[in-house]
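Enquirer: Quick mapping for you: the protein sequence lines, in order, are chains A and B.
Quick note on this note's numbering: the first sequence kicks off at 1 and runs consecutively.
Quick note on this note's numbering: the second sequence kicks off at 1 and runs consecutively.
Check each hint, because a few of them may be wrong.
Stated by the list, open to error - Here are some chain A residues pointing at chain B (derived, C-beta under 7 Å):
#, residue
1, Phe147
2, Ala162
3, Ile166
4, Gly173
5, Arg196
6, Asn198
7, Val202
8, Leu204
9, Val232
10, Ala233
11, Leu328
12, Val339
Keep in mind the hints are simulated off the structure, nothing from the lab.
In this text, a Cβ means the ideal position worked out from N, Cα and C, and glycines have one as well.
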Amino acid sequence: MMESSQNIPFMTRKELISFAVLAALLFLVLPSALDVFRLSLVGKYLTYAFAAVGLVLCWGYGGILSLGQGVFFGLGGYCMAMFLKLESSDPISTKIQSTPGIPDFMDWNQITSLPFFWQPFHSFGFTLFAIVAVPTIFAFIIGVAMFKRRMGGVYFAIITQAVAAILTILIIGQQGYTGGVNGITDLRTLKGWDIRSNEAKVVLYYVNGGLLMVALFVSQYVRTSKLGRILVAMRDREDRVRFSGYDVDAFKIFVFCLAAAISAVGGAMFTLQVGFMSPSFVGIVPSIDMVIFCVVGGRLSLLGAVYGTLLVNWAKTSFSEAFPSLWLFGLGGLFIAVVLVFPDGLAGLYNSHAEPALQRGLVGLRATAKSLMRRLKTA
Amino acid sequence: MTIAGYSIGDLASVLAMQGFAGLILFSVFTLMALGLAIIFGQMGVVNMAHGEFMAAGAYTTYLCCHLVQKFAPFLFGIYFFFAMALAFVVCGALGYATEVYMVRRLYKRPLDTLLATWGLSLVMQQCFRSLFGAREVGVSLPGWLMGSFNLTDTIQVPINGLFVMTLTMAITGAVFLLLFRSRWGCQMRAVTQNRPMSGAAGINTDRIDRYTFAFACGIAGIAGSAFTMIGSTSPTSGQLYIVDTFLVVVFGGAQSLLGTVASAFSISQVQSSLEFFLSGSMAKVITLLVVIGILMLRPQGLFVLKVRR
Chain A
1 MMESSQNIPF MTRKELISFA VLAALLFLVL PSALDVFRLS LVGKYLTYAF
51 AAVGLVLCWG YGGILSLGQG VFFGLGGYCM AMFLKLESSD PISTKIQSTP
101 GIPDFMDWNQ ITSLPFFWQP FHSFGFTLFA IVAVPTIFAF IIGVAMFKRR
151 MGGVYFAIIT QAVAAILTIL IIGQQGYTGG VNGITDLRTL KGWDIRSNEA
201 KVVLYYVNGG LLMVALFVSQ YVRTSKLGRI LVAMRDREDR VRFSGYDVDA
251 FKIFVFCLAA AISAVGGAMF TLQVGFMSPS FVGIVPSIDM VIFCVVGGRL
301 SLLGAVYGTL LVNWAKTSFS EAFPSLWLFG LGGLFIAVVL VFPDGLAGLY
351 NSHAEPALQR GLVGLRATAK SLMRRLKTA
Chain B
1 MTIAGYSIGD LASVLAMQGF AGLILFSVFT LMALGLAIIF GQMGVVNMAH
51 GEFMAAGAYT TYLCCHLVQK FAPFLFGIYF FFAMALAFVV CGALGYATEV
101 YMVRRLYKRP LDTLLATWGL SLVMQQCFRS LFGAREVGVS LPGWLMGSFN
151 LTDTIQVPIN GLFVMTLTMA ITGAVFLLLF RSRWGCQMRA VTQNRPMSGA
201 AGINTDRIDR YTFAFACGIA GIAGSAFTMI GSTSPTSGQL YIVDTFLVVV
251 FGGAQSLLGT VASAFSISQV QSSLEFFLSG SMAKVITLLV VIGILMLRPQ
301 GLFVLKVRR
């Protein structure tokens, strides 16, 4: 059969090595090289990498540019934050409030009972379910509404951006239910476990890294499956795929929902590691930032997205510490440069420059090793 | 007779005032969206920096205001007209440079123009911040633009609002004349409708692209200039309007300028009348949701123009 010969293996040896290198970096090198503060900072960056990985699938392979990944990141984060907030506002620690047992910002806004959509977040099981389900269902609704009506490309990007704007305005406006512009703050424990201690931060870093690896494996699976190839075909020639009898809309909706679910996990891990969630991680600007992480890494490279996220965020932190006013110039310049000069991002640079050099080095190394062996044998 | 505590007369004058506030919003939307409709609808470039071009126009006006006050106070009454012309020239020049150095290479990749112009918008914002400071700045209006007409006891019409509206109508008229009656407009429409064919007919399509982009950015500059009369300018004011402006253009049907004006009118009226009944943020949320809802029923927008791609 032709088909079997065309199947892409789940992972080539090269990709396996790259995955192993990333895993070694995340789980061995960084934890041993950095103190707890820096490590949890890297952990925070890695939560954005979830969104960037989702974008690689959705945009790089599916051709759907979503400017609303911050929405899903934020929804995931808010679900987690609601659970943690309820846990930290038990009746005893909030007894000075006029209504004990509800989150402090609700009390400040004269709300006297817990709103109905907060009720289920008392349960940890439901919260875990909601973290993935709420953003995915939301993405599904947007996806069905948009793709069934054949809205794509630039229009889709603009509408998702508008959705991000709407959600931010809504969260800020409905202060009593959402914590407003400050967000949900002062989160302390997860099931009685203090998430602010150093030891918890290290544990959370590893959990986060593990989840990121899972997300990468899932994405790699999707990418190399038949589904992944249909996505690429759809991106390049949508009409042909449609005329070949595939339900293009369903594939688009699926990949959009998958990207949403992946970024939502990142959002929940963000809340756990940083200890709060606010609308400033939901809106237009963070959503576009996530796109730039993905482009810097290379929009066709899953691992590139992780490196791109780390690089841009590291640059942001160190730049804005040293020269705060220069950072926007740097970021803006990066946007322009990455689009005009190296559209394939870090992964493209690696493939065109680093890899040949590496290969030459390997070949040279092998040759020297061989000649050494020969000399040893003759000696 | 009363409804929810308001008498019919009160309600009518409130509606009239809100309607007028909506008309001012409509003017700003129209001026912003006209430029964007040309860039996005006609040229297919997603210019996320359009708001910053508007802000550049506003800052130009601000500078003019200060310079005139300092060196030529006798001109203060009419400085606005110079400022507006200057804003057009400055933003047009900026737009020209943007087209030549950036946008020209990206015509085949509309999503990449989105990212690159977003980068440009960040750079421009930081420029404004470094040059003019992070705080909001406002211009002082000459005496004849201040105050308001009292139509009845309860209905007051601010003069600067009226001026902005008149200006918007004049500019919109001029743009329409230019596009549909002048030789250049004819060439521009030809290029957007069928690029290879108009090239074959001897139109220098690259040159038309450059001037079209510059012209649209110039209109954004005028929009910014007009905007200073009704609000203050900060480095991020461009970003506040960009999403609304894109929705206005998409809602109107991206290729139709008439649709842009119509959609700017309906969106601004809905928003300002809702603002009376609800808080500002909820009014905005509902307006945006309605727009998105209608777009889903009618993805091509209100007005459709047949364009061969």
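Enquirer: Please go over all the hints and tell whether each is borne out by the structure.
Expert: Here is what the structure says about each hint:
1. Because the smallest distance between the Cβ of phenylalanine 147 of chain A and any Cβ of chain B comes to about 11 Å, over 7 Å, the interface hint for this residue is violated.
2. For the restraint placing alanine 162 of chain A at the interface with chain B, the shortest Cβ-Cβ distance is roughly 6 Å, inside the 7 Å limit, so the hint holds.
3. For isoleucine 166 of chain A, the interface hint holds, the least distance from its beta-carbon to any beta-carbon of chain B being 5 Å, beneath 7 Å.
4. Proximity of glycine 173 of chain A to chain B holds as hinted, the smallest CB-CB distance being about 3 Å (cut-off 7 Å).
5. Below 7 Å, beta-carbon pairs count as interface contacts, and arginine 196 of chain A has none with chain B, the closest being about 32 Å; its hint is therefore violated.
6. A distance limit of 7 Å between C-beta atoms decides the matter here; for asparagine 198 of chain A the minimum to chain B is near 36 Å, and the interface restraint is violated.
7. With a cut of 7 Å, the hint placing valine 202 of chain A at the interface with chain B is violated, because the nearest CB-to-CB distance is about 35 Å.
8. About 32 Å separates the beta-carbon of leucine 204 of chain A from the nearest beta-carbon of chain B, more than 7 Å, and the hint is not met.
9. Given hint, valine 232 of chain A at the interface with chain B, is violated; its Cβ is 16 Å from that chain's nearest Cβ, farther than 7 Å.
10. The interface hint given for alanine 233 of chain A is violated, since its Cβ lies 18 Å from the closest Cβ of chain B, which is over the 7 Å cut-off.
11. Contact between leucine 328 of chain A and chain B, as hinted, is supported at the beta carbon level, the nearest pair being about 4 Å apart and thus within 7 Å.
12. Hint status for valine 339 of chain A: holds, given a least beta-carbon distance of 4 Å to chain B, under 7 Å.
Taken one by one, the earlier hints fail for this structure at numbers 1, 5, 6, 7, 8, 9, 10, listed in ascending order.
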